[in-house]
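Chemist: Hey, can you work out the whole structure from these sequences and the hints?
Listed in order, the protein sequences are those of chains A and B. According to the numbering used here, the first sequence is numbered sequentially starting from 1. According to the numbering used here, the second sequence is numbered sequentially starting from 1.
Worth double-checking, as some hints may not be accurate.
Cβ pair distances, simulated, as ranges [as the list claims (entries may be wrong)]: (1) Q64/B with P8/A: 28 to 38 Å; (2) S81/A with I38/B: 21 to 31 Å; (3) Q14/B with P108/A: 42 to 52 Å.
These are calculated hints, taken from the structure and not from any lab test. Just so it is clear, CB atoms sit at the ideal spot from N, CA and C, and this is done for glycine as well.
Residue-level listing of the chains:
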Amino acid sequence: RKEVEQDPGPFNVPEGATVAFNCTYSNSASQSFFWYRQDCRKEPKLLMSVYSSGNEDGRFTAQLNRASQYISLLIRDSKLSDSATYLCVVFTGNQFYFGTGTSLTVIP
Amino acid sequence: EPEVTQTPSHQVTQMGQEVILRCVPISNHLYFYWYRQILGQKVEFLVSFYNNEISEKSEIFDDQFSVERPDGSNFTLKIRSTKLEDSAMYFCASSDSPATDTQYFGPGTRLTVL
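Modeler: Now the structure itself:
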């Protein structure tokens, strides 16, 4: 079973739309959770950490449900510059596990 | 803003050769990592390094691989006897606190094994 699973998409949404990504993880002992963004052939960059209480950073909202082992990312008012692959990352034991990523294209 | 740098940006080598990928982590960071990403696939953890020793390694990181911090600034990944399937993007990352904190990734080295 994969440590981290994501819907690969692609998601193609118009500018201004709201889009949600989901991620599940297999190990209930996982300790920390993150969303990273990766542009084509570039390095991953941290978008935000994810907390059980939920956290928001501008147009981005992340949520963690430990009981369901589920992580979400909501992007409101999508911009063209949001087009990228969004990686769900889980820290378990002493390793970071990356999902395969969800591809987002925001269309003018 | 401080950043992680990696050299070279692209390395082409013949199967069976040894390569050394170099990274300069952010200067006050103490925790260092190597990851690889095969084209079209997910980012995979290889190894973490702290206090001049490996703190964790994945099953991918076998005897073919080694890491070293030869001086106060560089962090290297050596791949011995490269195989075709070693072709991938290799990312170095560093952080200033135990592994649950933010990691900063370098731009990566694209390794092509012919």
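Chemist: Now tell me, hint by hint, if it's right for this structure.
Modeler: We went through each hint and held it up to the structure:
no., hint, in the structure
1, Q64/B with P8/A: 28 to 38 Å, "30 Å, holds"
2, S81/A with I38/B: 21 to 31 Å, "27 Å, holds"
3, Q14/B with P108/A: 42 to 52 Å, "45 Å, holds"
Of the hints listed earlier, there is not a single one the structure fails to meet.
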